[in-house]
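**Q** What follows is each chain in one-letter form.
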Amino acid sequence: MADEALTSMPKVGRPRREKRDKPGPLDYMRRWPLQLMVGATLVFLYLPLITLMVFSFNTSRRNVVWQGFTTDWYVKAFNNDSLLQAFLNSLTIAFFCTIFSVILGVLAAVMLWRFRFPGKTAVEGSMALPIVVPEICLGVAMLVFFARVMPWPMGMPWPLNLGAIIIAHISFAFPFVATVVRARLSSFNRELEEAAKDLGASEWRTFWDVLVPHMQPGLIAGALLAFTLSLDDFVITFFTAGPDTITFPVKVYSMLRFSVTPEVNAASTVLIVVTVILTAIGLQVQNNLSKEKKA
Amino acid sequence: MEQTWKQAKAAFAAIAVPPIAWLVLFFLVPMGVIWAYSFGENTGPITIDFTGTFANYARAVEPLYLQIFLKSLIVAGITTVLCLIIGFPVALAIAFASPRAKAWLLLLIMLPFWTNLLIRTFALIAVLREQGYVNFALEWLWNNASGFMTLIGLQPLGEYEPLTLLYNNTAVIIGLVYVHLPFMVLPLYSALDRMDRSLMEASLDLGAGHLRTILLVVVPLAAPGIASGILITFIPALGAYLTPDLLGGTDSQMIANVIERQFKRANDWPFGAALSFLLMYLTFIAIAAQAFIQRKSERRG
Numbered sequence: 000m001a002d003e004a005l006t007s008m009p010k011v012g013r014p015r016r017e018k019r020d021k022p023g024p025l026d027y028m029r030r031w032p033l034q035l036m037v038g039a040t041l042v043f044l045y046l047p048l049i050t051l052m053v054f055s056f057n058t059s060r061r062n063v064v065w066q067g068f069t070t071d072w073y074v075k076a077f078n079n080d081s082l083l084q085a086f087l088n089s090l091t092i093a094f095f096c097t098i099f100s101v102i103l104g105v106l107a108a109v110m111l112w113r114f115r116f117p118g119k120t121a122v123e124g125s126m127a128l129p130i131v132v133p134e135i136c137l138g139v140a141m142l143v144f145f146a147r148v149m150p151w152p153m154g155m156p157w158p159l160n161l162g163a164i165i166i167a168h169i170s171f172a173f174p175f176v177a178t179v180v181r182a183r184l185s186s187f188n189r190e191l192e193e194a195a196k197d198l199g200a201s202e203w204r205t206f207w208d209v210l211v212p213h214m215q216p217g218l219i220a221g222a223l224l225a226f227t228l229s230l231d232d233f234v235i236t237f238f239t240a241g242p243d244t245i246t247f248p249v250k251v252y253s254m255l256r257f258s259v260t261p262e263v264n265a266a267s268t269v270l271i272v273v274t275v276i277l278t279a280i281g282l283q284v285q286n287n288l289s290k291e292k293k294a
Numbered sequence: 000m001e002q003t004w005k006q007a008k009a010a011f012a013a014i015a016v017p018p019i020a021w022l023v024l025f026f027l028v029p030m031g032v033i034w035a036y037s038f039g040e041n042t043g044p045i046t047i048d049f050t051g052t053f054a055n056y057a058r059a060v061e062p063l064y065l066q067i068f069l070k071s072l073i074v075a076g077i078t079t080v081l082c083l084i085i086g087f088p089v090a091l092a093i094a095f096a097s098p099r100a101k102a103w104l105l106l107l108i109m110l111p112f113w114t115n116l117l118i119r120t121f122a123l124i125a126v127l128r129e130q131g132y133v134n135f136a137l138e139w140l141w142n143n144a145s146g147f148m149t150l151i152g153l154q155p156l157g158e159y160e161p162l163t164l165l166y167n168n169t170a171v172i173i174g175l176v177y178v179h180l181p182f183m184v185l186p187l188y189s190a191l192d193r194m195d196r197s198l199m200e201a202s203l204d205l206g207a208g209h210l211r212t213i214l215l216v217v218v219p220l221a222a223p224g225i226a227s228g229i230l231i232t233f234i235p236a237l238g239a240y241l242t243p244d245l246l247g248g249t250d251s252q253m254i255a256n257v258i259e260r261q262f263k264r265a266n267d268w269p270f271g272a273a274l275s276f277l278l279m280y281l282t283f284i285a286i287a288a289q290a291f292i293q294r295k296s297e298r299r300g
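Sequence order for the protein chains is A and B. Counting with numbering that gives the first Met the number 0, you get residues 0 to 294 for the letters of the first sequence. Counting with numbering that gives the first Met the number 0, you get residues 0 to 300 for the letters of the second sequence.
Where hints are given, some of them may not hold.
BS3-like cross-link-like pairs, simulated, lysine-lysine; straight-line CA separation at most 30 Å [stated by the list, open to error]:
(1) B:K5 x A:K119
(2) A:K196 x A:K119
(3) A:K119 x B:K295
(4) A:K196 x B:K8
(5) B:K263 x B:K8
Derived by calculation from the structure, the hints in this document are not laboratory data.
Same shape as in the complex, but just chain B (with noise of 0.2 Å):
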């Protein structure tokens, strides 16, 4: 049973007040200012008056900013499908791999999640890009087919252009992709590996095929974990800064790259702090979404 706190008075204060101290000094406050600057206005090269104006919060949803939100969203959404697919296949294998197996695929999946962001994207970068690996393995498969047509009394299929893979949206999918996969398999994976197993089999001997006993049994035994995946890659691709800073062009901006621009370039605070607050009720949403979804599954089930 838990203790109430008046019966250790003293243990309980040694023990509450330094990380509630910390949360609130160094967490609530900061957050509460920049919910303060929300509602205030410059007034001078630095001042900025508290005015309780919602002018910062109109002007966040003009077309122009909507528009970036619009986009993020689609961006993280098409991020989380794309890691979904993925994921999937590969948390299903890794849940059913013999236990040696088993412990080395979550190693492999672990090690990247554990290695800097930045080093990350950088890397890809050099695979994307018009000398990288990837135009060079479709030059190669160009000039065979090429080479091929010719060798069959075809025209040759001319000049290899190598894809422009970097700097626009389809750079900042993949490298959101590359980063958040592995927050994807591995809730996937314990979700999995929890479910009963019998149910399967008893799906397979009664005859129903691979895909329709993964899609009609195991499905909906491991919602909790797809909903909890889906989550925790939607909400840091949601406000990913990094990927579309160094892989996205002009156009691939997302919000959190508008938000740094506001505090560090056009210094205007209290659009940004408007503009970061939006973004936190997103996530919030999000997050209650997922609470929601995952009680009314529950109380089906």
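Same shape as in the complex, but just chain A (with noise of 0.2 Å):
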């Protein structure tokens, strides 16, 4: 009894809530013209995308009226070797630009975080620069690079033939974890790293035992970041793919000017699931380490 008399009590500081009858002046998302504009953005956003994915079950060759269950359309996907290749590489790609991409963004980080250096402001500006120039130009550059300055050796085993690839995504994708790990950087007491060093503790030592465990949110989120912007990315790999080393988004396109069958909308509800799947097991990762920091 005494347990649900705690339990009915209104709880302190949010007395607006308990009050269901009537909006508050400021329940904006009680209100219904604010409900309507969510759902009409929610069904714009989203129609689109289930769309695609209900006709990748269609029995019909074209996209426009449901005639029936199949799952033919992903048997016929995971069939096509070009297609499976292509989705192998576009992983392959993602994997190594991560790795690079979170080691790089850290060092990046820790070095703008912790360093007073000549020059420091030029840095600073030409780390944003990738994040910011339009990516056709980021991607014509690379194209132009790896034809005249650099070619990537041509007949090299695969996942080396990915190297132009991965090398033009790491130089995108860095930067933005090198933002996320600073941002993370910015709450860390320097205090605790002059401790480790003053009780002894090598520079490297400090650095792994210190600060990396400060930094771990940052490092998922930025990996993650990493992880979708490869896999995301069509403009700079298609300024940057040669005829053997076509990824997954090269290739649907190259499909969606041959011809459109359910099959590219089976092979992009594959992609779809992998993305949600990614981003369930992101937040709950973070969901997980910050429940941590509270107990």
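Using the hints, put the two standalone chains together into the complex.
**A** Structure, rendered in structure tokens:
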């Protein structure tokens, strides 16, 4: 009984939420014009994606009318060797891009956070450039770079033949990681680092045992960002990819030009599901970390 | 306090060299080469001489290309305004929702942003084409309206003509809004969420209506967030390649499509390089303008 009395007590600090009958003056989410607006926006954002996923199960070749349920298009997509290869290439590129981007991004963030050095403003500005430069400009720059300045050797065995694309992806992904990690570092108490050093820890020990654990949520967020940026990229890959280094988006692009069958829908649905799962994992990991911090 | 690099030279070198070297070799050098090419001339099928000519830039400001630049600016501008009009109420509603609903709504806005751009554009095609949902819905409305007209004794409306929603400028703008809406909503949301709510309550208590409170209190307070939302929507929209390529018609080319053509088909790299740098300068002007406005509003506030 006592428990019940405790739980039914109004929570302090949030009295407005207890009254369900009438929206408070600032409860904009409970007013119909805004509810309508939010609802319409979500329909606008999701209707095309849901349609795409639903029609991947359609028996008709054309995406127009629903005729019946089938999983044939998935079988077809999974038996399409070039599509599968493109998917594998994309995942491999994203994997290597993530590893290198996290390493470079962490180093860049720590450098800008820890040191004062001549030309710091210039370095900081140049690090922000890959984030703001239009994709198309970076794409053509990479095309010219790998065509004239540093040709990537032809006929390398897989996955080395993907090197040029991986390099291009790292170049635009690691500044994003640096930004995320640096935001995390700003909440770090520098005295902890000094204390570790006073107690005899080496530079490396301090970095690994003091700084890295603090950066962990930033590292995870940065890694997820790098992975999705790489998996998502079409324009830069389009300019660096050769005939034997097709990635998933480039392959889908050529399929769209050639003929649109529900096979494209099936392949896209697989990628959407992969993205949703990755996002869910990322959110879960971050939730667990923040719970650990509180406990 | 930050350390000076002299206090720990070895550590500084180990930390600073890899990212700076990468940035120089795989970003600044490629950009520099393009910049040099923009002052070059095609002298053979694959040879380019660096002659220091301004001919490429002169060609880029000819009416034909100037028009495409102007059009890209207008299309990106309309996209940004539409994103702001749709995104502001949505961000406002999310910022004032209950914590639980807030988390879900943010996730729902974020999720398409993580989804592949090409897939989203492709998904939009199925909705917009002549045998797509928008036209189906309009046809249904049309037929019902027509039936209603006959019912009350008027002339029926006749056959429904499907609207051409794809392969024109409207399609490009719809596509750009579709793709960039999350970019606008998220910074707006974080600005509105941080805002001091007592000021809004004061305004409402003192008799201002909701619309007046929003226009005269909320918008000025959220101005930095609005400015950054505008910037991060406008910049990618200006350089968009995929959306005009897939959804646009022959007359809805934007600047990125022209650049692509110079490099992949026309094989006129110096001219393409000049166009790329002009696009980049436009981007920098937009960023500088935003920084200027932000500093001005901070000084006033």
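**Q** May I ask which of the numbered hints given earlier this structure violates, with the numbers listed in increasing order?
**A** 5
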